[in-house]
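Enquirer: The whole structure should be built from the sequences, with the hints applied where relevant.
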Amino acid sequence: MAVSNEQIVQTIVRQRIALYSYLWSILRDQTMVEDALQELSLLAIQKRDQIVDADHLAGWLRESGRFIALRMIEKLRREPSAFNESALSRLDAAWARLDDRNHAHAIEALQHCLQKLSPSSLTLLKARYTRNLTGEQLAEAVQKPRRTVYRNLSRILSSLGECVRFRLDAR
Amino acid sequence: MHMATDNPLNDLLIGYLDGELSSDDQRRLANLVDANDAARDQFVELCYLVGLLAETSHDTLEAARPASPMTKRSRVVGVYATLAAAALIALTITTWFILNPNPQPSSPSPSTTSSSSVGILTDRSDDAVFADSSSPMTPGVDLPAERIHLVAGKAQFMFKSTATVDLIGPCEFEMIGPDRGYLHRGSLHAFVPPRAVGFTIDTPHGSVVDLGTGYDLQVDADRSTQVHVTEGCVAVLDRTPNRRLLWRGDRAVLNSTGLAELTRGATLVEVHANSPFVYRIQRRGLVDDAIAHTDRAYQWNGLSAEGLPEKLRGADFVQTPMADKNNHNLQLRVTLSRPSMVYVIVSARVAPAWLSTMGFSDTGWRIGLDNTDDGRIAAGPGQGVDLVYVVWQLRVDEPRTLVLGPPQHGDEGKVGTYGVAAAPLDEAYQTMVGPEAATAD
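From first to last, the protein sequence lines are chains A and B.
Mapping the first sequence onto numbering that gives the first Met the number 0, position 35 (from 1) lands on 34, and the numbers just tick up by one.
Mapping the second sequence onto numbering that gives the first Met the number 0, position 312 (from 1) lands on 311, and the numbers just tick up by one.
Everything labelled a hint here was simulated from the structure, so no lab data went into it.
The beta carbon of each residue, even a glycine, is placed where N, CA and C say it ideally should be.
Each hint can be trusted.
Chain A stretches covered by chain B per the calculated footprint, using a threshold of three residues with CB under 8 Å from any CB of chain B:
#: 1; stretch: 17-26
#: 2; stretch: 83-94
#: 3; stretch: 109-119
#: 4; stretch: 133-142
#: 5; stretch: 160-170
Expert: In structure tokens form, the structure reads like this:
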């Protein structure tokens with residue numbers, strides 16, 4: 000029996016952060032990710048009869064999302080991703096481990112961990128993810144050389160990631 | 000929190016996600032990630048964290064600092080950033096309403112679309128509390144025309160017309176029909192795709208007719224209705240009945256007597272270049288002695304004491320980096336919030352060929368650049384002009400993004416880079432008297 004439209008709506012809404020992250024890992028452009036999410040949602044509704052159950056749906060969304068994202072890159076003649084289709088397929092098992100993650104808990108954990116960052120680290124994260132600055136604009140916003148900015152960003156995200164995982168594991 | 004030590008894989012991953020890696024580094028990253036499960040897990044976890052930050056930044060990052068009055072306001076709007084992607088997803092799902100108005104006729108599901116359904120509940124926050132609802136408020140449920148009382152939390156509804164509203168509790172909202180609602184009190188954000196143009200929300204003080212856009216609406220039933228357009232354009236009808244167009248960035252306050260306040264937003268709202276150098280918008284900043292570039296102290300000036308041409312004065316303009324004067328591949332994307340006249344200011348020595356191709360025409364206006372060729376920067380119109388520039392113009396009748404080309408090189412090579420400015424067309428701000436206002440009750 001195919002999944003219902005309600006299941007599709009609920010799964011996409013529940014898994015939106017994981018899907019968003021997955022598409023971002025390929026497209027690396029917010030507008031393109033949003034377009035891809037729209038196309039993916041429509042495709043899921045149209046192909047509902049081919050999706051067996053909720054477990055199948057999660058994998059189907061990733062596989063179709065990958066196809067849509069790679070096609071968008073090709074169509075827009077953008078520089079191809081460092082990861083080709085087979086490399087992305089090999090990452091699928093790691094992405095599947097996020098299927099059971101409670102994203103509301105992850106947001107709570109993130110909120111908690113952000114409180115522990117220094118003001119300068121928060122400033123950098125906000126410039127990058129709230130104001131959506133990258134490259135030279137990001138460097139100018141925090142008044143540091145570009146290379147230093149990216150090194151700092153890497154260290155902040157490493158620490159933040161450890162903190163979030165620790166809190167999720169502790170639940 | 001313990002700060003992590005250097006992690007080369009993470010460095011590469013961050014660079015990859017921001018498009019900062021060379022081809023060699025991209026290959027190195029692909030090989031590292033392909034090498035083992037741990038690296039693949041690290042890749043996925045980092046992508047997830049970045050997605051989480053990007054998707055929830057207004058909720059998480061803004062909340063992680065003491066709130067000022069301004070940040071408090073943005074947070075009210077930003078609370079719904081978490082649902083923004085869901086809104087986009089939801090929009091696509093509503094396409095299904097159009098394509099397939101009776102999707103599961105044989106299904107026994109109580110949520111099967113019925114003829115009285117005007118939309119569905121697409122999302123709700125964990126803390127959402129509804130009062131007096133005749134429908135079970137679970138995501139995916141069809142909703143008839145009814146009044147929704149959201150006591151607390153947040154909820155998203157999608158109309159059959161494909162318009163989406165995000166309600167922020169406490170809020171009383173009425174779904175009137177597939178393309179109409181009534182906000183009795185509280186706040187909402189509406190997102191209306193082109194196919195749902197005409198979607199209308201009435202309030203006690205007027206109506207907002209959407210022309211393909213996103214906007215925030217806040218109603219204090221006893222006092223006023225506030226509208227803030229975040230994307231596209233809306234028509235606002237007050238009780239007089241006057242009808243005004245509001246564009247991205249504009250704010251209006253309506254009360255029982257009509258329009259109480261109107262604040263116009265910027266004309267040039269975004270600038271992006273495929274360049275490492277900085278481009279910056281100066282809102283209403285084009286005046287005599289305005290700094291022309293982000294990396295020089297050079298100034299735009301009128302050629303005489305009369306100053307800059309009247310239509311340029313007070314326009315939004317882009318400060319461009321002179322460092323891009325030899326960038327043959329430059330693509331400069333400028334986004335307009337409203338119908339505008341766009342001006343490109345180029346050296347009088349030679350004009351880029353793309354100006355004519357795009358439909359720009361020479362205004363006949365000449366202005367000056369006061370650089371340091373004479374050893375000083377002067378003050379005032381007509382003072383210290385070293386180079387003459389020509390102003391080209393292009394009428395753009397709707398909000399959109401223009402992609403401008405590279406600076407042109409003269410025979411002698413050095414002609415500098417160009418400037419960009421924009422001013423709203425008069426038509427963008429026309430007030431009409433419309434019988435539609437009579438429906439705003």
